[in-house]
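**Student:** Each chain, letter by letter, is given below.
There are 2 protein chains.
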Amino acid sequence: MTIKEIKGHIASPKGFIADATHAELKFQKLDLGVILSQVPAAVAGVFTTNKVAAAPVKLDQALVAGGVAQAVIVNSAIANAVTGDEGIRNAKTTQRLVAEKFDLNPNHVAVCSTGVIGKQLPMDKIALGISKLSAENSHPAGFAQAILTTDLVEKEVAYQVELGGETVTIAGVCKGSGMIHPNMATMLGFITTDAKIAQPLLQETLSEIIETTFNQITVDGDTSTNDTVLVLANGLAENQELLAGTADYQIFKTALTLVCQTLAKKIAADGEGATKLIEVTVAGAPDAVAARMIAKHIVGSSLVKTAIFGADPNWGRVISAIGQVSPFEVPDIELTIQGELVLLHATPVAFDQADLSEKLKEKVVVIEADLNQGEQSGTAWGCDLTYKYVEINALYHS
Amino acid sequence: MTIKEIKGHIASPKGFIADATHAELKFQKLDLGVILSQVPAAVAGVFTTNKVAAAPVKLDQALVAGGVAQAVIVNSAIANAVTGDEGIRNAKTTQRLVAEKFDLNPNHVAVCSTGVIGKQLPMDKIALGISKLSAENSHPAGFAQAILTTDLVEKEVAYQVELGGETVTIAGVCKGSGMIHPNMATMLGFITTDAKIAQPLLQETLSEIIETTFNQITVDGDTSTNDTVLVLANGLAENQELLAGTADYQIFKTALTLVCQTLAKKIAADGEGATKLIEVTVAGAPDAVAARMIAKHIVGSSLVKTAIFGADPNWGRVISAIGQVSPFEVPDIELTIQGELVLLHATPVAFDQADLSEKLKEKVVVIEADLNQGEQSGTAWGCDLTYKYVEINALYHS
Chain A
1 MTIKEIKGHI
11 ASPKGFIADA
21 THAELKFQKL
31 DLGVILSQVP
41 AAVAGVFTTN
51 KVAAAPVKLD
61 QALVAGGVAQ
71 AVIVNSAIAN
81 AVTGDEGIRN
91 AKTTQRLVAE
101 KFDLNPNHVA
111 VCSTGVIGKQ
121 LPMDKIALGI
131 SKLSAENSHP
141 AGFAQAILTT
151 DLVEKEVAYQ
161 VELGGETVTI
171 AGVCKGSGMI
181 HPNMATMLGF
191 ITTDAKIAQP
201 LLQETLSEII
211 ETTFNQITVD
221 GDTSTNDTVL
231 VLANGLAENQ
241 ELLAGTADYQ
251 IFKTALTLVC
261 QTLAKKIAAD
271 GEGATKLIEV
281 TVAGAPDAVA
291 ARMIAKHIVG
301 SSLVKTAIFG
311 ADPNWGRVIS
321 AIGQVSPFEV
331 PDIELTIQGE
341 LVLLHATPVA
351 FDQADLSEKL
361 KEKVVVIEAD
371 LNQGEQSGTA
381 WGCDLTYKYV
391 EINALYHS
Chain B
1 MTIKEIKGHI
11 ASPKGFIADA
21 THAELKFQKL
31 DLGVILSQVP
41 AAVAGVFTTN
51 KVAAAPVKLD
61 QALVAGGVAQ
71 AVIVNSAIAN
81 AVTGDEGIRN
91 AKTTQRLVAE
101 KFDLNPNHVA
111 VCSTGVIGKQ
121 LPMDKIALGI
131 SKLSAENSHP
141 AGFAQAILTT
151 DLVEKEVAYQ
161 VELGGETVTI
171 AGVCKGSGMI
181 HPNMATMLGF
191 ITTDAKIAQP
201 LLQETLSEII
211 ETTFNQITVD
221 GDTSTNDTVL
231 VLANGLAENQ
241 ELLAGTADYQ
251 IFKTALTLVC
261 QTLAKKIAAD
271 GEGATKLIEV
281 TVAGAPDAVA
291 ARMIAKHIVG
301 SSLVKTAIFG
311 ADPNWGRVIS
321 AIGQVSPFEV
331 PDIELTIQGE
341 LVLLHATPVA
351 FDQADLSEKL
361 KEKVVVIEAD
371 LNQGEQSGTA
381 WGCDLTYKYV
391 EINALYHS
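Sequences listed follow chains A and B, in order. Under our numbering, the first residue of the first sequence carries the number 1, and numbering increases by one thereafter. Under our numbering, the first residue of the second sequence carries the number 1, and numbering increases by one thereafter.
One or more hints might be untrue.
Copies of the same chain look alike in the list, so a pair counts if it fits in one copy or across any two.
Said to hold, decoys possible - Heads up, simulated DMTMM-like pairs for lysine to aspartate or glutamate below, C-alpha to C-alpha not over 25 angstroms straight-line:
1) Lys-58 to Asp-332
2) Lys-361 to Glu-136
3) Lys-363 to Glu-391
4) Lys-253 to Glu-279
5) Lys-7 to Glu-238
6) Lys-388 to Glu-362
7) Lys-7 to Glu-136
Don't read these hints as lab results, they were simulated from the structure.
Using the sequences plus the hints, can you model the full thing?
**Tutor:** Put into C-alpha cells, the structure is as follows:
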C-alpha cells in the first residue's frame, strides 16, 4: 500500500478551488473563505455535540442529510451561535448569496462559522465579501489563513494514493486553538478528495475515523457550539467507485485517517498558549473505547498539563488521572514517559529525574501507559497548560 | 429550629481533643496531627472513587465498615499512594503506634495522608512524631495547620444546636486546595460531634449530604487518590439517640449539612492560585442530579474560570458549557451573572459591560442559570484559573 504525503493544499484534488477575502469582519485580515467543487460532490460531516449548536451547524446537518455539496463558505469572526431565528435566516441568506454568485443549488452550499457567540452576522459585509470571491484564481493558502482565529499557524495536509491505476488525492485544512473573541476553542476541518465514493460509505468512514482522530484531541476540555468537519468527494479522479471491504477502500480509509490525524495533531500542537504537543497512548485495555477515554482524560488533566509545562516528570499525576476514570482496576500498570520507564507492575521504578526533566523540554512529549488488562489501545493528543493560556483567555474581553 | 455558628474548632464537641507536631516530614512546619475521642465513637466515611486509592483509604474503608473510631492520625507530606504492600504495612504500623501511644484498639484508629504520590512513609519519623503527640494539651489550631499542603488558610467551622434540651456541637476541619474535584476531591475533611446517633444512620446522613456539598466543588477537575471525609460522633452530649424522621434528626442533619457546605466553600475559595470563589446555581432542571452536574461543569470550565479571573462577563462561555453536558435542550434558558440578567428566553439581553466587569472583580462571583425545564436545582462551587495556578503546578517539582 503506497500512501504518499505531498506538498499540497485543499485545492490539490482535481476539480476543487479555494479562495478568500477580507470582508471587514476583522481588522486587516482574511476572514471569509470558500471551497468550490466543479461538480456536485458526496458530502459527509460530523458536528459538535453541544446542545447549543450554532445556526450554521443546523444548516449543515440538513445538507449532509441531503448527501450533496458543491461549496463551503466560512467566516472566522462571528460564530452565529445563540442568535435565534435571525441567526438561521442569516445563515440561509449566506447560502443563497454563495449559490447566486457561483450558480449553484443553495442546498449544496455548506456554511461554517467561528468567532464570538451571541452576535448577529453583519449581512451587508458578508454580501460584499461573497461578491469579491472568485471561482477563477484558486487561492488555497488564503483560505487556510481566512479560517484561523487565535491559531498561530495554518494547518494543511495532503496525501496521494493509487487506486486501480488512478491517482487519488485527499487534502485537509483546519483551524483550532481558540478564538480571537474567545468563547471557546472551535475547530473547523475541511477535507476534499477527488475519490469516487458513495455518500453513505463516505459518511460511515468519516464517522469511524473521527473517533480516533479529531475526537481524541483536547485543548481545554471545552466543546464548542460550532465544531464541524466536512469531507467533500467529487469523484473526478475517475477511480472505480470505492466499495467497503475492498483493498482500494482500505487504502483510501487509511489515507483519510492520516489526513484527519495529522490535522488533529496540528490543532493540539497549536492549542492556545501551548509550548508542547502531548501524545498519550493507553495500551493493554479490555476495550478500545475505554483506552481512548483514559488517554483523553490524561491529556486533558490540568495537573498533567502544568507538570509538562514545567518539565516535571510527575508520574503520580498521570496515574491519578488514570485512576479517576478507569472503569477497571489497574494493579499491573506500566508507565513510560519520553521512553523512560517510571512505573512497572504498579510500582515506582528509579529513574534519573534531571535527565527525564531535560527530555520533557522537547516539543513533543510522549506518555505511554500499559494497563496489562487486555489487547486494545487508544491515543489522544493535547498540549501543555501555560501562563499564556490564562493570559489569552483572561485578558481578552468579550 | 436554632442552629448557631460558634467560634469553635474540631475539639469543641465534648470529649474530643486534637494535637499536632512537627515530625520532620516537611521543613519547619506542623505535619502530623491527631484527633482523639475520650470514648469510642460511631464513625461514618466517604472516600475517593479513584481506582488508584491510597493505602490509608483502604484501611479507613475497613474501619468505617466496622463502625467505630476513637482516633484519626493525619500526615500532610506523603500520600502513601501507589506504594504497594509496603504502603499498606506502613499504614497499619501507623495505626498500631497510635493505638499503643493512647491505649486504644488499633482497629479504632483511622489513618489519613495527603502529599506526594509513590513515596514510602519514613516510619522512623512517623514513630517519633507519634511519640510527641499528647492527649493532655488539646491543640486544635495546630491540627488545622498540620493537615494543610498548598492551602493558604486553615479551614474550620463549628455549629451548635439544641436537641431535646441538650446542647450538641458539630465541628469540622479540612484541607483542600489542589486536585480538587471530589468524588471525592485531595481533600481531607474531619468532622466531630458529641451527638448520639447510631452508625448506620450517621453513614446514611453523611452519604446523602456529601452529594450536595463536598462533591459539588472543583478546583481543577482532578480527583485525588486520598480523598476522605470522616465523621466521628461520640454521644457525649447525652441527647436522646437521634432517629430518622424526627425533628431533632432534621435539625442535626441541617447543621451537619451547614458544616460540610461551609468547609466545601472554604476549599473552593482557597483553590490553588484562586483570587475568587465562584458559586454557580442551575435551577429549573427536570432533576436535581442533572442540575448539580451542569453547575459543576460550568464551575469547572477552564474558559469560564479564566473569564472570571479576567473579570470578563463572557456569558457565551457559560451557555456553551451548559450545552456541552445538558442531557436536555435549553430553548428557554435565562442567565444571570452577579445579579445582572444577560440572557432571557435564550436570547441576549443588553447590559452594561463595564459595570458588570466591575462587579466581577468582587471576591465572590455568583452565576445563576434557570433552564425553565423543571423544578429542581443544584449548586456548585469553584474558583478562577490564574497565572498562580499554573505557577504552583508547573514550578513545583515532584
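**Student:** Run every hint past the structure and note whether it holds.
**Tutor:** Checked hints:
1. Lys-58 to Asp-332: between (46 angstroms within a copy, 18 angstroms between copies)
2. Lys-361 to Glu-136: Cα proximity of Lys-361 and Glu-136: none, with 46 angstroms in one copy and 53 angstroms across.
3. Lys-363 to Glu-391: Both: 21 angstroms inside a copy, 20 angstroms across copies.
4. Lys-253 to Glu-279: within (22 angstroms within a copy, 47 angstroms between copies)
5. Lys-7 to Glu-238: within (22 angstroms within a copy, 82 angstroms between copies)
6. Lys-388 to Glu-362: both (18 angstroms within a copy, 24 angstroms between copies)
7. Lys-7 to Glu-136: Within one copy only: 22 angstroms inside a chain, 79 angstroms across chains, cut-off 25 angstroms.
Going down the numbered hints, you'll see the structure goes against just number 2.
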